[in-house]
Structure formats: structure tokens, C-alpha cells
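**Student:** Heads up: the protein sequence lines correspond to chains A and B, in order. The opening position of the first sequence corresponds to residue 1 in the working numbering, with each subsequent residue numbered one higher. The opening position of the second sequence corresponds to residue 1 in the working numbering, with each subsequent residue numbered one higher.
Please note: incorrect hints may appear among the correct ones.
In this list, chains with the same sequence are indistinguishable; a pair is considered to hold if it fits within one copy or across any two.
Unchecked claim - The calculated lysine to any residue pairs, modelled on SDA-like cross-linking and capped at a C-alpha distance of 20 Å, are: (1) 135 - 97; (2) 44 - 72; (3) 18 - 232; (4) 32 - 172; (5) 172 - 161; (6) 203 - 176; (7) 172 - 90; (8) 172 - 156.
Hints were generated in silico from the structure; no laboratory data involved.
2 protein chains.
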Amino acid sequence: MATLDAQLQTLMWAAREKTLALMADHYEVDAKTTFNDLVTTVDKETERFITARLKEIDPTAQIISEEGFGDEVHDLSGRVYIVDPVDGTLNFVKQQTNFATMLACYEDGQPKLGYIMDVMNQTLYHGGPGVGVFKNDHPLNPPVDRGLRGSLVDVNYGLLFTNHHNVQAVIKNASGLRLYGSAGLEIINVLEGRLGLYLSRLKPWDLAAGRALAEGLGLVVKAIDEKGLDVLSSNLVLVATKQVADDVFALVN
Amino acid sequence: MATLDAQLQTLMWAAREKTLALMADHYEVDAKTTFNDLVTTVDKETERFITARLKEIDPTAQIISEEGFGDEVHDLSGRVYIVDPVDGTLNFVKQQTNFATMLACYEDGQPKLGYIMDVMNQTLYHGGPGVGVFKNDHPLNPPVDRGLRGSLVDVNYGLLFTNHHNVQAVIKNASGLRLYGSAGLEIINVLEGRLGLYLSRLKPWDLAAGRALAEGLGLVVKAIDEKGLDVLSSNLVLVATKQVADDVFALVN
Numbered sequence: 001m002a003t004l005d006a007q008l009q010t011l012m013w014a015a016r017e018k019t020l021a022l023m024a025d026h027y028e029v030d031a032k033t034t035f036n037d038l039v040t041t042v043d044k045e046t047e048r049f050i051t052a053r054l055k056e057i058d059p060t061a062q063i064i065s066e067e068g069f070g071d072e073v074h075d076l077s078g079r080v081y082i083v084d085p086v087d088g089t090l091n092f093v094k095q096q097t098n099f100a101t102m103l104a105c106y107e108d109g110q111p112k113l114g115y116i117m118d119v120m121n122q123t124l125y126h127g128g129p130g131v132g133v134f135k136n137d138h139p140l141n142p143p144v145d146r147g148l149r150g151s152l153v154d155v156n157y158g159l160l161f162t163n164h165h166n167v168q169a170v171i172k173n174a175s176g177l178r179l180y181g182s183a184g185l186e187i188i189n190v191l192e193g194r195l196g197l198y199l200s201r202l203k204p205w206d207l208a209a210g211r212a213l214a215e216g217l218g219l220v221v222k223a224i225d226e227k228g229l230d231v232l233s234s235n236l237v238l239v240a241t242k243q244v245a246d247d248v249f250a251l252v253n
Numbered sequence: 001m002a003t004l005d006a007q008l009q010t011l012m013w014a015a016r017e018k019t020l021a022l023m024a025d026h027y028e029v030d031a032k033t034t035f036n037d038l039v040t041t042v043d044k045e046t047e048r049f050i051t052a053r054l055k056e057i058d059p060t061a062q063i064i065s066e067e068g069f070g071d072e073v074h075d076l077s078g079r080v081y082i083v084d085p086v087d088g089t090l091n092f093v094k095q096q097t098n099f100a101t102m103l104a105c106y107e108d109g110q111p112k113l114g115y116i117m118d119v120m121n122q123t124l125y126h127g128g129p130g131v132g133v134f135k136n137d138h139p140l141n142p143p144v145d146r147g148l149r150g151s152l153v154d155v156n157y158g159l160l161f162t163n164h165h166n167v168q169a170v171i172k173n174a175s176g177l178r179l180y181g182s183a184g185l186e187i188i189n190v191l192e193g194r195l196g197l198y199l200s201r202l203k204p205w206d207l208a209a210g211r212a213l214a215e216g217l218g219l220v221v222k223a224i225d226e227k228g229l230d231v232l233s234s235n236l237v238l239v240a241t242k243q244v245a246d247d248v249f250a251l252v253n
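Using the sequences provided together with the hints, build the complete structure.
**Tutor:** Take a look at the structure:
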């Protein structure tokens, strides 16, 4: 596992170089489902680069990836990689910063290793359960648990309009709401103790790497809807410190 | 004015050193009006430092400041300085980053010079109408105007719960909502083109410096409530590119 970890870290840094080179060149932006659900040729080329390299490193593994260059995965037995080449594509397009590249390695449905690269800040968060979590070469300690009232939180604002699951009460009982627009960067903020909670509807590639890292620091990763945590489908999930998670579950329905 | 500008820039860098030294030491945190309206001894000491230095630089000017070490200002004739020692105090306390120090110089009620220091990123935005706007030593160009649908926006989330002034429509017609938790940093994001709109209820010290910089780049700074723009009181104000401002005024009531 240590050799694989080293190979995947090297891959993440190579993917960063690839992304920066593609950004510096001309790239195309297209809408997927709506005007604010974007994909770019940088997403696609970076994903192609990562999946090709994963096939060399681990030829028999399956790959789940956002833009479709991976496999059709229906069962999670054995080793499965989950790839998000550009997490926070709107930020990528509108801000040229505040986006991440994410990769996770699962075995028999369980998170083993997670990687979140904050591309523009040149910072790789990596690790997993039993391995610990590192920010580049520095080990991270679990964040201070300030409970909900003492914490800044990030709650998907789509939920907020309709007060879905009573999330307005969660926000009103927290210190304040922040929205950064990239699941990977929100989860980094929870790892670093800058947010006590991230609550959003997440697709497999949005959560997989962050879950490995969050569980590696003893944080809570849990679905708040009836469906439970599912690596293959979209879920309404929280990533939080223990006390914050307890406070949230007392409020949501 | 160029000499004064140079003196005020030097003051901003000195204030940054002061803030960093106070952060490294023990500081106290107190609640002001509610559990999430905080003030720290760093706010107070930094403000005391800035106001004392302003009294040396410009002995006859008046000073409006958040924590009360300035003057009681009732009219804006002559030169008035407006000081916010720590903008984004919640971020300061919970994140130890994402806060700003702000200073503005007004003459007869008109913005002349503005300064926003992103303390942890060591970046000073400075300038004003007729002077241009600079990021440290580099001149900034006006941001690209993408209109509301093409822009990420920051809208105070207190307004969102109640749909005050129909702000939910503003958000639904934008590319996405972001919330960073510091008026100074939100306005920097508008200057840099990373946000097309910042809309919030702002106190004099939240807006004064940002207004000088935004108007220095030809951006729109305008009250959306009946009260109009008022340097001495709290307003519901937008800072936006021209097309975004037009799009917003067509939606709000």
C-alpha cells in the first residue's frame, strides 16, 4: 500500500502539471445539464490523463470517473479508483482558482486512500484510515471540535431555498455560513478546522477522496437521508466533527 | 495626495505587522450583540494603533472606526478616515485567515483613497477614483463583465432566508452563490473578476474602502433600498459590474 500511495501521489503532481499546461492554452467550455453545470476540455483531458496512468499502475482495477473515461462500475469488489479531474468547474472557469483534482482508492467498498490537490495553492492533502492525513509532507492533527454554535459551516444553498431537511435551522444555530464552491476545498476546510460542517448532495466523485481523508482524521461522514452512504450513487451527506454531527442530527429531519 | 497615499500604504503594512504580532500572542474574544458577532483584543489594539498613527499623519481630520477609538462624526466636511481593523472577525477567530484590514480616506463625503489588506495573503489593494487600483505594485484592469447569468455572486445569506428584496431570484439567475465572510475580501473578489456581484447590508467601515477601490475601476456601487448610499449609516448595497448591476436592479424590489 505504501508503494501504491507513493505512485498515486506522483500521479497527482503530474496531473497538476497537466492541468496548469492545459489552462495556459486555449480550452473550450460547454454546458452539461444547465447553464451553470459546466465542463471544459481541461476536465476531459486531465481525466483521460489520470485514467490512462491508473490503468498502467493497476491494470485490473475498475475506475469511476466524472466525465466518463472510466469504466461502468456496478459492484465494488476488489480495487476501485474514483476520479474527479476538476472539482469546482464553475470556479475554474469564472475564477481560475478555488478548484481541486481528486482521486480515491477503495477496496471492497471501503475507503483506503484519498487525494485532494488544491491546484492553484500547490497543496496535496493525502492519506486515509490507518495511514493518517498529510498536507504535502506535514501530518495533520484532527481539528478542534467546537460544536455547531462555535463553527462556521457550509451547507449547499439549493437545500436552503426550500429548507429541505430543516437545514435553515442548522445554519441559524451555527456561527456562520460559508460557500466556496468546490466539494474538495470544503472538505479540506473541515480537515483544517476552518469549517465544522460540510453538508451537500454529493456524487460519488465529489465525496470519495474526502471521505477517505475525513475518516483518516476520525471525522464523521454520514448520509442524512434515508438512503445511507453509497459509494455508487448521489447522497445528501455531511462531513463534520463528532459534536457538530450530533448537533446537526438533532435538528435535521 | 501622492504623499498621503504613500504614508497610508506604509501605515497599512505596519498595521499588518501589528496584527500578526497580536495573533501570535494570547488574545481575548468577546461577543458583542449575539454569539456570532465577535470582537477580539486584536480588533481593538489594531484599531488603536491605526487611529493613533492617523492622528499624527493628519491631525485635523476626523476618524470613523468600528470599535470606537475614532471620533463621533456627524458631518463629512473636510477629510474623514474610516477604519475597520479586522473585517471578518468570525473568520479571524475560527479560521485564522480570510480577514482584512481596511482604511478609507474621504473628502467632503467623496471617496478619495481606499486600502484593503488581505492580511494572511500579504496583499494590499489600494487606489481610488482618478488614481487607479493596484494589487501591491501591479495595476489592476477592470474585470470582464459577464452579466448576472455568467457570474458568481455573493449575496448576504440573512436576506436569502426571508427572500428580502427578491434576492432569491438574483441568486437563481446567477452562475452560483459564494460566501467568504469578509466584506473586504468579497469586494476584492469583485475587483479581480472572481465575483460579478457583492450584495449585503453594510456598515460605514464595511464599505468605505471597497467603494473607493470599486469606483476607481469603474464598477457600480449603489444602495438597493430607498435610503440611498450614505457614508455614515448602514445600507443595503451592491458592488457589481455595470451589466450585472442592471440585471440585479431588474429583479430586486
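**Student:** Would you pick out the hints that fail for this structure and give their numbers low to high?
**Tutor:** 3
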